[in-house]
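Undergrad: Below, each chain spelled out in residue letters.
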Amino acid sequence: MGRYLLKRFLYLIPIMLGVSIITFALINLAPGDPAELILQADGMELTREAVEALREELGLNDPFYVRYGRWLWNVCRLDLGESFRTGRPVTEEIFYRLPATIELTFAALVFMVIVALPAGILSALYRHTLIDHLNRLWALLGASLPGFWLGLMLIYLFAVRLGLLPVMGRGSLHHLVLPAVTLGFGMAAVYTRILRASMLEALGQEYIRVARAKGLKEKWVIGRHALKNALLPAVTLLGMSFGHLLGGAAIVETIFAWPGVGKFAVDSIFNRDYPVIQGYALFMAVVFVLANLMVDLSYVSLDPRIRLERGK
Amino acid sequence: MSFVPVLKVHNLSTHFQTRHGVIKAVDGVHFMVAAGKTLGLVGESGCGKSVTALSILRLIEPPGRICSGEVWLNGCDLFKLSTKQMRQVRGREIALVFQELMTSLNPVLTIGTQLTETIFSHEDVSQAEARRRAAELLAMVGIPDPEGQMRRYPFQLSGGMRQRVMIAMALSLRPKVLIADEPTTALDVTVQAQILAELKRLQEELGMAIILITHDLGVVAAMADEVAVMYAGSIVEFGPVEKVFDYPAHPYTRSLLRSVPRLSREELAPIEGQPPTLLNLPAHCAFLSRCPKAGAECLRETPELREIGPGHAAACYRAFQSLPEEARCG
Ligand SMILES: Nc1ncnc2c1ncn2[C@@H]1O[C@H](COP(=O)(O)OP(=O)(O)OP(=O)(O)O)[C@@H](O)[C@H]1O
Ligand code: SF4
Ligand SMILES: [Mg+2]
Numbered sequence: 247m248g249r250y251l252l253k254r255f256l257y258l259i260p261i262m263l264g265v266s267i268i269t270f271a272l273i274n275l276a277p278g279d280p281a282e283l284i285l286q287a288d289g290m291e292l293t294r295e296a297v298e299a300l301r302e303e304l305g306l307n308d309p310f311y312v313r314y315g316r317w318l319w320n321v322c323r324l325d326l327g328e329s330f331r332t333g334r335p336v337t338e339e340i341f342y343r344l345p346a347t348i349e350l351t352f353a354a355l356v357f358m359v360i361v362a363l364p365a366g367i368l369s370a371l372y373r374h375t376l377i378d379h380l381n382r383l384w385a386l387l388g389a390s391l392p393g394f395w396l397g398l399m400l401i402y403l404f405a406v407r408l409g410l411l412p413v414m415g416r417g418s419l420h421h422l423v424l425p426a427v428t429l430g431f432g433m434a435a436v437y438t439r440i441l442r443a444s445m446l447e448a449l450g451q452e453y454i455r456v457a458r459a460k461g462l463k464e465k466w467v468i469g470r471h472a473l474k475n476a477l478l479p480a481v482t483l484l485g486m487s488f489g490h491l492l493g494g495a496a497i498v499e500t501i502f503a504w505p506g507v508g509k510f511a512v513d514s515i516f517n518r519d520y521p522v523i524q525g526y527a528l529f530m531a532v533v534f535v536l537a538n539l540m541v542d543l544s545y546v547s548l549d550p551r552i553r554l555e556r557g558k
Numbered sequence: 003m004s005f006v007p008v009l010k011v012h013n014l015s016t017h018f019q020t021r022h023g024v025i026k027a028v029d030g031v032h033f034m035v036a037a038g039k040t041l042g043l044v045g046e047s048g049c050g051k052s053v054t055a056l057s058i059l060r061l062i063e064p065p066g067r068i069c070s071g072e073v074w075l076n077g078c079d080l081f082k083l084s085t086k087q088m089r090q091v092r093g094r095e096i097a098l099v100f101q102e103l104m105t106s107l108n109p110v111l112t113i114g115t116q117l118t119e120t121i122f123s124h125e126d127v128s129q130a131e132a133r134r135r136a137a138e139l140l141a142m143v144g145i146p147d148p149e150g151q152m153r154r155y156p157f158q159l160s161g162g163m164r165q166r167v168m169i170a171m172a173l174s175l176r177p178k179v180l181i182a183d184e185p186t187t188a189l190d191v192t193v194q195a196q197i198l199a200e201l202k203r204l205q206e207e208l209g210m211a212i213i214l215i216t217h218d219l220g221v222v223a224a225m226a227d228e229v230a231v232m233y234a235g236s237i238v239e240f241g242p243v244e245k246v247f248d249y250p251a252h253p254y255t256r257s258l259l260r261s262v263p264r265l266s267r268e269e270l271a272p273i274e275g276q277p278p279t280l281l282n283l284p285a286h287c288a289f290l291s292r293c294p295k296a297g298a299e300c301l302r303e304t305p306e307l308r309e310i311g312p313g314h315a316a317a318c319y320r321a322f323q324s325l326p327e328e329a330r331c332g
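Going line by line, the protein sequences match chains W and P.
Using my numbering, read the first sequence as starting at 247 and increasing by one per residue.
Using my numbering, read the second sequence as starting at 3 and increasing by one per residue.
In short, the hints are calculated from the structure, not lab data.
Any given hint might turn out to be false.
[To be verified] DSS-like, lysine-lysine: derived pairs with alpha carbons at most 27 Å apart:
id	chain 1	residue 1	chain 2	residue 2
1	W	Lys474	P	Lys86
2	P	Lys202	W	Lys463
3	P	Lys10	P	Lys82
[Said to hold, decoys possible] For each label pair, taking beta carbons as the anchor points, the in silico distance ranges come out as:
id	chain 1	residue 1	chain 2	residue 2	range
4	P	Arg134	W	Leu344	51 to 57 Å
5	W	Ala443	P	Leu83	18 to 24 Å
6	W	Ala443	P	Asp126	48 to 54 Å
7	P	Phe81	W	His379	29 to 35 Å
8	W	His379	P	Ser128	43 to 49 Å
9	W	Glu464	P	Arg176	20 to 26 Å
10	P	Leu281	W	His379	55 to 61 Å
11	W	Ala503	P	Asp126	22 to 28 Å
12	W	Lys465	P	Gly297	55 to 61 Å
13	P	Glu306	W	Lys465	43 to 49 Å
14	W	Gly489	P	Gly220	28 to 34 Å
15	P	Val262	W	Ala443	40 to 46 Å
All values derive from a computational prediction rather than experimental measurement.
Glycine included, each C-beta is placed from N, C-alpha and C at the ideal position.
Start from the sequences, fold in the hints, and give me the full structure.
TA: And the structure:
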């Protein structure tokens, strides 16, 4: 187990290198000059000299590989640089906003589980009935509605028309509802389908028949024998979905003015705040890999075949 | 002969509604088995043996449906019970050992869990008591180190061990009837002999009736008291093993016996022709197209199971003609 964990952590190195090079290259290709934007924001006059001087100061005139090398060297010393915009260290900025994003992502995940688990199970148990058809309909909607549209609709309905929930910002539990639903909706639809399929597969297995033949109560047959097997495929996909949720969080945070890392990153892209974009990409890569690792570990605890094989 | 049936199946029919039509997997099956006795249920693959077993416990799922029949367990018709009452019969009164031994145990639950849950669901016992009884059961079916095995998962056990676990599970509540569907087919010969001997011993100890489903006539000869020969969803011959094996009355039984090397008195011969499809069964004897004895009367409606000797019955118009003198008068 220890060796397995070590291996997984070593995988982080090439992933981080790859992610950072790609982000660096993409930023390099994007139009727009941060020096100009900074001067504009400060209300200074955009003279050629001033822009040049600032570019020189920020090190933007050096060739690509020099800039990347310098950045990498700093990263090795755990220094992600400073935001062009705020002047504060990037690490600090990210960690300052991280709790908000984690809160949102986690809430979305909870929403997803509360909805998808019963919906998927009921759909499988009452296949081809009204419940199943309704579930199919909303799964289709969930998979096809764009997140920003859904977010705006929810704001319009629940915040503007009904006045039940706040429009934006972070604070009470009420503030969390709309962004979490917006973020988790599509994923909940996907997982409903996945759970329905894996539940049907499990229910068709011989051991379910055996469990019934032993005279077990039906809720025991379903809750223990079928569900435990049906959860395995869903749990494997959860790691990937966590990444999707984090990505989606950037958009949802922007719609709802949620003060998280995602919104900060989106703002930084508009402002060409290179160190922040770099730092965010790198940070997300690490979170993504760690989330996958955690999911793998929980999968191992669910499936004895893998657990015991690895234990050897 | 003292023959008090503990389980009596009367006119059982189970059909499957498919896209191509109705499959009459079980079509008017009759048989019975007495306490402490073993009934061998034999027949070619696909003739409806497993569906019969599942029907007795009402475990048929759509598109299948039990269309008619009665299953009497000690004078109580199982088909009239409520779902809840039926659940109490399963595992406790009638237990089933399944054919598919590689997929019959849940891969993500330990052997111990799967054994104790059977006990828990029928009896109000403590965790410790259930585990103690489970270990006892494993020891009874000849599994070494029962405590250790209970912590293991099915994939860590060999086929023979799994089958023993399945048998232990089926016996955990000392059922009155054990239905064992091909309990040894997937195992090698020595393990097969061990498990059968074990079953026989346990039967004597517990006094239960066994319905042994198999297509191995050698196993039937060694284990069974009575035998029911199934063909295309119906019982075509029923009787005490010695009678049926020595004086087979139905042409299908004769062909079946002649296809087994050890039992054959005549020249070894495979059964000619294809097994019937259970889809769109003919209105006449289903064996007609393969029957070497067929005559004009066989084109009439399907023959009924008729008594041709004490406790011996066959569903064939020409059954008498194939019986030797001494068997005819019993
Ligand atoms: N779920 C199902 N849907 C449709 N047909 C089925 C279904 N289950 C069984 N059957 C049909 O019922 C018939 C009898 O099947 P059954 O499993 O009882 O055969 P069997 O005698 O146990 O054969 P084997 O010796 O191979 O186990 C088969 O012809 C099969 O096609
Ligand atoms: S009824 Fe006729 S066809 Fe059918 S088994 Fe008997 S002899 Fe053969
Ligand atoms: Mg079978």
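Undergrad: Quickly compare the C-alpha distance for Lys10 (chain P) and Lys82 (chain P) to 27 Å and report which way the hint goes.
TA: Between Lys10 (chain P) and Lys82 (chain P) the Cα gap is close to 14 Å, so the pair holds against 27 Å.
Undergrad: Does 43 to 49 Å hold as the CB distance between His379 (chain W) and Ser128 (chain P), or does it fail?
TA: holds (46 Å)
Undergrad: So does Ala443 (chain W) sit 18 to 24 Å from Leu83 (chain P), Cβ to Cβ?
TA: This hint is violated: roughly 34 Å between Cβ atoms.
Undergrad: Do Val262 (chain P) and Ala443 (chain W) keep their Cβ atoms within the hinted range of 40 to 46 Å?
TA: holds (45 Å)
Undergrad: Go ahead and decide if the range 29 to 35 Å is satisfied by the Cβ distance of Phe81 (chain P) to His379 (chain W).
TA: The hint (29 to 35 Å, Cβ to Cβ) holds, given that Phe81 (chain P) and His379 (chain W) are roughly 33 Å apart.
Undergrad: Given the hinted pair Lys202 (chain P) and Lys463 (chain W), is their Cα-Cα distance within 27 Å?
TA: At roughly 31 Å apart (the allowed maximum being 27 Å), Lys463 (chain W) and Lys202 (chain P) break the hint.
Undergrad: Falls inside 22 to 28 Å, the C-beta gap from Ala503 (chain W) to Asp126 (chain P)?
TA: violated (58 Å)
Undergrad: A range of 55 to 61 Å was offered for this pair. Does it hold for the Cβ distance of Lys465 (chain W) and Gly297 (chain P)?
TA: Because 57 Å falls inside the window, the suggested range holds.
Undergrad: Could you grab the alpha-carbon distance between Lys474 (chain W) and Lys86 (chain P) and see if it respects the 27 Å cut-off?
TA: holds (24 Å)
Undergrad: Evaluate the given range 20 to 26 Å for the C-beta pair formed by Glu464 (chain W) and Arg176 (chain P).
TA: holds (24 Å)
Undergrad: Given a hint of 55 to 61 Å, does the C-beta separation of Leu281 (chain P) and His379 (chain W) actually sit inside it?
TA: violated (31 Å)
Undergrad: Do the Cβ positions of Ala443 (chain W) and Asp126 (chain P) conform to the proposed distance bound of 48 to 54 Å?
TA: Distance hint for Ala443 (chain W), Asp126 (chain P) is violated at roughly 38 Å.
Of the numbered hints given earlier, the model fails hints 2, 5, 6, 10, 11, 14; all others are met.
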